[in-house]
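Given next are the chains, with one letter for each unit.
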Amino acid sequence: AQSVTQPDIHITVSEGASLELRCNYSYGATPYLFWYVQSPGQGLQLLLKYFSGDTLVQGIKGFEAEFKRSQSSFNLRKPSVHWSDAAEYFCAVGLFSGGYNKLIFGAGTRLAVHP
Amino acid sequence: KAGVTQTPRYLIKTRGQQVTLSCSPISGHRSVSWYQQTPGQGLQFLFEYFSETQRNKGNFPGRFSGRQFSNSRSEMNVSTLELGDSALYLCASSPMERHTDTQYFGPGTRLTVL
Chain A
1 AQSVTQPDIH
11 ITVSEGASLE
21 LRCNYSYGAT
31 PYLFWYVQSP
41 GQGLQLLLKY
51 FSGDTLVQGI
61 KGFEAEFKRS
71 QSSFNLRKPS
81 VHWSDAAEYF
91 CAVGLFSGGY
101 NKLIFGAGTR
111 LAVHP
Chain B
1 KAGVTQTPRY
11 LIKTRGQQVT
21 LSCSPISGHR
31 SVSWYQQTPG
41 QGLQFLFEYF
51 SETQRNKGNF
61 PGRFSGRQFS
71 NSRSEMNVST
81 LELGDSALYL
91 CASSPMERHT
101 DTQYFGPGTR
111 LTVL
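Chains as they are written, first to last, in the numbering used here: chain A, 1 to 115; chain B, 1 to 114.
Derived from the structure by calculation, the hints contain no laboratory data.
You may find that some hints are simply not true.
Derived DSBU-like pairs: lysine-lysine, alpha-carbon spacing no greater than 30 Å straight-line [unchecked claim]:
hint : chain 1 : residue 1 : chain 2 : residue 2
1    : B       : Lys13     : A       : Lys49
2    : B       : Lys57     : A       : Lys49
3    : A       : Lys61     : A       : Lys49
4    : B       : Lys13     : B       : Lys57
5    : B       : Lys1      : A       : Lys61
6    : B       : Lys57     : B       : Lys1
7    : A       : Lys49     : A       : Lys68
Quick caveat: nothing in here was measured; it's all calculated off a predicted structure.
Throw the hints in and build the complete structure from the sequences for me.
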């Protein structure tokens, strides 16, 4: 069955430090992959997505992610974290069926940023 | 363009009652999806509507239902509420003109069942 694993439930980094959030997926075909961010009390905002082509994807707010088929991974990175990046981050795989991309989400990684 | 709007933002109900949540998609978007978010189960897909037809359904009991109107606005209904239905219900809209179209999420409706 299709699934998404985010191994880190909670991560704390210092402001200005680099960040990498891990995501592994299980999917038989070429996946559609997404990273969303959720601030407290808010909905989900798309950071970036991968469908095909260049395996390094650039997103908003300075985030990027790299698709590695051999490792079934789609890790999210940011070179320098800002305090406003504190939020919960969700990796998702899109299952395209019947004209629709149903999203299967990971459990999320909560990011805390120390000043 | 205005984003996805959901009403109400907060609801408190008691067990056994029913509830209706509303979602207005981004103008021009024809697909509306619903997701349930709980601390224990995370984000789970409920169902998706396109042009007033339910195309996809998640693994939820029949107490959860929905519909979509001709203007693409959608409602979801939960009957005979249980304590476990307490959750954040998120709505997402998409043009769905291409399979690569992004889903845009609303702020959610926080449902508390007492």
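Results for each hint:
no. : hint                 : in the structure
1   : B/Lys13 with A/Lys49 : violated, 37 Å
2   : B/Lys57 with A/Lys49 : holds, 23 Å
3   : A/Lys61 with A/Lys49 : holds, 14 Å
4   : B/Lys13 with B/Lys57 : holds, 25 Å
5   : B/Lys1 with A/Lys61  : holds, 21 Å
6   : B/Lys57 with B/Lys1  : holds, 28 Å
7   : A/Lys49 with A/Lys68 : holds, 14 Å
Figure legend: structure checked against the earlier numbered hints; the only hint not met is number 1.
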